[in-house]
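Engineer: Numbering (this note's numbering), first residue to last: 1 to 154.
Do not rely on the hints blindly, as some may be mistaken.
To be verified - Keeping only pairs whose Cα atoms sit at most 27 Å apart, straight-line, the calculated DSS-like set for lysine-lysine is:
no.: 1; residue 1: 40; residue 2: 105
no.: 2; residue 1: 78; residue 2: 93
no.: 3; residue 1: 93; residue 2: 105
no.: 4; residue 1: 78; residue 2: 105
no.: 5; residue 1: 4; residue 2: 93
Don't read these hints as lab results, they were simulated from the structure.
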Amino acid sequence: MLRKMEQTKAQLAGKHHALDAFINARQHLLVEYIRLSTNKTLPSQAELEEFCGQLVDYVSAGHFEIYDYVVAAYEAAKGNARLLAERIYPRIKQNTDEALNFHDKYSQADEDTLLELDQDLGHLGEVLEERFELEDRLVSAIALVDHLDTGQPA
Numbered sequence: 001m002l003r004k005m006e007q008t009k010a011q012l013a014g015k016h017h018a019l020d021a022f023i024n025a026r027q028h029l030l031v032e033y034i035r036l037s038t039n040k041t042l043p044s045q046a047e048l049e050e051f052c053g054q055l056v057d058y059v060s061a062g063h064f065e066i067y068d069y070v071v072a073a074y075e076a077a078k079g080n081a082r083l084l085a086e087r088i089y090p091r092i093k094q095n096t097d098e099a100l101n102f103h104d105k106y107s108q109a110d111e112d113t114l115l116e117l118d119q120d121l122g123h124l125g126e127v128l129e130e131r132f133e134l135e136d137r138l139v140s141a142i143a144l145v146d147h148l149d150t151g152q153p154a
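Turn these sequences into a full structure, and let the hints steer you where they fit.
Structural biologist: This is the structure in structure tokens:
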């Protein structure tokens, strides 16, 4: 995931402030995810709440930071690009639901719930990896960067 993150950052960083914010949110989330998933001890409730907050921030950044640009690029997309976007978006929505389920489960976790953390973090890692790939494919398919460069929408 880190290697792919660096590739995405190299491709998209500096193109537009909204994309930069989105990439930074992704990077912060990934760093914290790795820290939590490789730690040999259970995290404190405060650490889990911080991570869950970052998870929601990341999911929200996609919807609120660049949503208008994605919609404009999607509406302009034609042919295969539009078909690909139509297949990708429902998968991103399902992925969002899984991330929010993790948030709901662990933002106020009790000791019994923490027993499932390793397994749930493993699943969340798969969810995040898929999400990153889907988002990158969507950005590419709908030529989002072109819409950001031209300033559409205002």
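Engineer: What's the verdict on residue 93 and residue 105, does the C-alpha distance respect the 27 Å limit or exceed it?
Structural biologist: holds, 18 Å
Engineer: Given the hinted pair residue 78 and residue 93, is their alpha-carbon gap at most 27 Å?
Structural biologist: Judged against 27 Å, a Cα distance of about 22 Å means the pair holds.
Engineer: With a cut-off of 27 Å on the C-alpha distance, tell me whether residue 40 and residue 105 pass.
Structural biologist: Status holds; Cα separation ~21 Å.
Engineer: Can you confirm whether the C-alpha distance between residue 78 and residue 105 stays at or below 27 Å?
Structural biologist: Not OK: residue 78 and residue 105 at ~40 Å, beyond 27 Å, violated.
Engineer: So if I understand the rule, the pair passes when the alpha-carbon distance is 27 Å or less; does residue 4 with residue 93 pass?
Structural biologist: holds, 21 Å
In this structure, the one hint that does not hold is number 4.
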